[in-house]
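The chain contents come next:
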Amino acid sequence: MGTDLKSVPDTVIKTDLIPEQDSTPMPTEQPANSPDLRELEQFLYHEARLLDEQRWEEWNALYLEDAEYWVPAAAEQEDPHNHVSLIYETGLLRAVRIKRYKHPNAFSLQPKPRSVHLVTNVILEGYDESAAECSVNSRFIMLQYRREKQDVFAGTYHHRLRIEEDGFRIAAKRVDLLNCDAPLENILIYF
Amino acid sequence: MAHYTDNQLAGLIREDCVHKKVYTDPEVFDLEMERIWNRSWIYVGHDSQVKKPGDYFATSIGRQPVVMTRHKDGKVYVLFNRCAHKGAQVVGDSCGNMPRLRCSYHGYVFDTDGTLLHIPREEGYSGAGFGKGKPESNMQQVPRVDSYHGLVFASLASDGPDLKTWLSGAAVSIDNLVERSPEGRIEIAGGCFRYLHDSNWKMFVENLNDAMHPMVVHQSSSGTAKRVFDERLKEDDPVPFELEMLAPFTNNYEFFEKMGLTAWDYGHSVTGGKFSIHSAYSPIPGYMDALIGKYGEQKAREILAVNRHNTVVYPSFTLKGAITSIRVVKPVAVDKTVIESWVFRQVGAPEELFQRSITYCNLINSHANLVGPDDYEAYHRLQYGLQTQDGNEWVSQHRHLGEDEVDEDGTRHATGTSDMVFRHQFRTWKDYMVGAA
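Residue numbers (our numbering), protein chains in the order written: chain A, 49 to 239; chain B, 1387 to 1823.
What the hints contain is simulated information worked out from the structure, not anything from laboratory work.
Any given hint could turn out to be false.
[Said to hold, decoys possible] Lysine to any residue pairs mimicking SDA-like chemistry, simulated, CA-CA at most 20 Å apart:
no., chain 1, residue 1, chain 2, residue 2
1, A, K197, B, Q1773
2, A, K147, B, V1602
3, B, K1612, A, Y149
4, B, K1620, A, T138
5, B, K1722, A, A230
6, A, K197, B, R1767
7, A, K147, B, R1618
8, A, K150, B, K1612
9, A, K197, B, L1582
10, A, K150, B, E1617
11, A, K147, B, E1617
12, A, K197, B, G1771
13, A, K150, A, L98
14, B, K1722, A, N153
15, A, K147, B, E1630
16, B, K1722, A, Q198
17, A, K160, B, A1764
18, B, K1722, B, E1763
19, A, K150, B, D1616
20, A, K147, B, L1629
21, B, K1722, B, Y1770
22, B, K1612, A, N153
23, A, K150, B, R1618
24, A, K160, B, R1767
25, B, K1612, A, P152
26, A, K160, B, E1763
27, A, K197, B, K1722
28, A, K197, B, E1763
29, A, K150, B, E1763
30, A, K150, B, V1602
[What the hints assert, rightly or not] Stretch by stretch, here's where chain B covers chain A in the computed footprint (C-beta under 8 Å, at least three residues):
no., segment
31, 118 to 130
32, 133 to 139
33, 230 to 237
[To be verified] With the C-beta cut set under 10 Å, the calculated list includes, among others, these residues of chain A facing chain B:
no., residue
34, A80
35, A143
36, V144
37, R145
38, I146
39, K147
40, H151
Owing to the predicted nature of the structure, the values given are computational and were not obtained by experimental measurement.
Quick reminder that beta carbons are idealized off the backbone N, C-alpha and C, glycines included.
One chain only, chain B, in its complex shape (with noise of 0.2 Å):
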């Protein structure tokens, strides 16, 4: 097996191409966890999910477990998931509500803020270097937690860019995601989809701000859905949420040219803006109303003229503010992939648009639906393609080369159409793989 140096990595990024190796090399991906995964500020939960002490919620930050706990300081923390002792992992289950987290193993018990409470027979270690009062012996906290409007991120490298710096343009779409509640707060509700790929994570990271696809992709899902419902519906029947929803994808290219392209330091980006796929749904009864209430008719107006079509928050998670839901990228191998769909309830908005939100979710990310198998499909074929060696061993990237606007703080537009992000996510990724970021 190859031993990259960083002169190697750094050769394997370029400014118009990457080289295949980056998605399909084992040891690339072992050093991804390493020097992305193991620095970055990654998504572990939201808040709401441990909203009382004793509430806990089990994860993973790369292939690390990990758990995330309300303690009784009212403090959220997370913990790696492995007991001080002989590293089983703690808790077994995903989710719920224990005082205390007791090692299934030896029975060794620990506080929700990791520090060691109890061990059976602690007389066997007087005098010896384990027990209670010795900080190796908790449950280790991961060295930096932060979060910012209750989605809480950590990050497994004692330095590095504090949060907030860190989100740089993409904490807009976290603010306007918030403040599309009328009472300006957000709580998961609604379960989960975890749908496992056979491709590489970058993949799907790519394909959130990949505007060429969709018309080709999802052709047969979205143009079915036009054709069958014109010849269904009658001229008076309202239009169903799940026309909507699936009629834009295939919108044509100058629509999503025209949605535009920003991207911001640490490898975030967007795509639209002034509006999106997302931005010609029917109103919902009662729900403008109820935020004029909270902030006043222009504010109200600004709120919902955010038309952020997906956010990347590079590398963890990807969200969308009309639909108030976030996918979770959860990578397990070089070619394994776990994408998780969670939805976020607007408290205090009409329950007719969170229920719009799950029935997006049922209708593009399960992997049950119309639209989530053509794009595995479409990275499966990327993941097997790049077995050939047909003396090509590069990614093209090479659309609107060039042509970025950068603003003075960096901040980098394209046309919706641009490999610029792909550009951008690459740089990113070079600096972290060679100690730049």
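Next up, chain A with everything else stripped away, as it sits in the complex (with noise of 0.2 Å):
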């Protein structure tokens, strides 16, 4: 039983699966003076340990007070203001979600949630000396369990990081969830 492909029209067979060049280069070197990729990598996989450990407190102080922690409900929203946001979140927000965690009454969190990150994927996207900062995007994972329920989350990280003389502090995350459209159930562990 053959397929004679001569008589296929040629709309069926062209061959259209391969995508077009991407424009983003890939990485080479890293620029001159920028952090070391390393210790990069270590301190995205720190701020997800504790949030897996739940050490909140630690975690938001990675932060810069104003750092806005958004989480998009579009794929490439263009901003929080004008569009609707999973979480659009600074300092104070961050503060009351933390705070919230260790309510007696917070029902939603009874039993409490557990989570797992996986951060992989890292590159340095750009490097600003004069401001000390640099842009980092990264893939991750987050396995979401609570009361016999696991959910998977999977996206990008777009880290905007300060470095300071002691180490690195968030300037702003963004959050693209792969299905921040879809019909969701709770979310209740940061991304």
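Build the complex: two chains, separate frames, hints provided.
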């Protein structure tokens, strides 16, 4: 039973599955004086670990007070002010959320949710020596477990990091969730 | 599986309680889809979502896919989203613009009012009972479509009350929503949340007028917000929106009692009226001036004096005037419901008003916020708790029984913490389910 390719119309065998060339260049060398990639990775792993170990205050201390923590509700969402977001918080709201984790009547947190955050594909995207800041792009998987139900979330982290004498501080974090616009149940832990 | 007679269905509803099967029995859910969601006026979308000819917005009525379109005659149509040929859903994306609707299976093409325009190899139908010019070969329009201030409703029943009659007292909430725009015009903007719940749709609908829950369910978020803001804000700091929004959830019982409850024909109801948990927000610079410019001072003050909290337009959506947002109920299964949150921009109002509504929805309606998950948890525990076989088959709605004040036109009033609204919703439910509505 053979297929005669000549009888198949051109449109069907057209190879349009090869993606177009991406304009983002592959990173080769680090910019001069920029932080070491290994240090950046260790910082991201550290942040993930603080979340998994529910060391919320230590986690929040990684952030500058006015740092925006933003989880858009739409793919390629342009801004957090004219479109709804799953989470859009600065220091004050983070402090509320963190204090609420310990509240005896936070019923959606009983039993307590648990998580595993995996961070990978870390790329230094930009370095601004004068501002002492760098941009880091990475991918993550977050497993959230609570009361017999495990949810899998995945997406992209965009960190803007301030380089300080004693290490990095997070100046902004944007989390692009793969299924940000899907009907979802509760998200109880920071990505 | 039980097969309900009308008498058995009516027997699920008593004046002071309802049988738990109204929340747990899949057969009751199927009957609700047929007798409530296929008959009542159901909110489909807002006409600002289909501004230009060819614009479409695909959504659902009950479990059925429909698509709202703007046709070249300028009118809005609601079509069953099904190809007349083999039955495939024709429009697969949620929204966009297409001059024609083309089925992705065999390429049959329909106009945006549903008319069949093209069939590949049409000669195959010569002499057959299918093809152009035969109404049954079109994408079918839903039996009735009407709109009120741009809010588009559809009814899958060809008979029934007209939309304005059916909206009864809830129409005032929509009037006020639109009047809050200095141009008298609203439009959908800023995206949408789709919050999946593992509970029956009626639990959400009831909760929107349940004034006995906020101080318990939302103590951990509202109470914590008050404490944290208190610790961290200096005396001269402006009060952030976020605190103004979260704090009133833990107002005391007296506050919620005085907010009051009103209910009208066809199951609609509202909490608040003269004041609500939204009425103490700081004024937005320039907004009052814009309203006075349009309406004059007295009318502008009257518009802002309408402080309805949550209006339930039974069964398919709820509305907040001050927040200019709606939540749309999408029943999926007896224990599965999606709640969509949409925001309206008040055309001509300062952008800050719209951005405040966005902030409110992020804080209260997102599935990753500090308020919604505690409501979700309450509904979850209801759905699971009702699995018990402890001899108590009934769900109480006794609070302030026999204390309703009823006007001549049937409008009911009660103290804000009364179960009056639940009793009223289930009277309506019974009317739909056993044929009186």
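Hints violated by the structure (listed by number, smallest first): Numbers 14, 34 - these are the hints that the structure violates, sorted from lowest upward.
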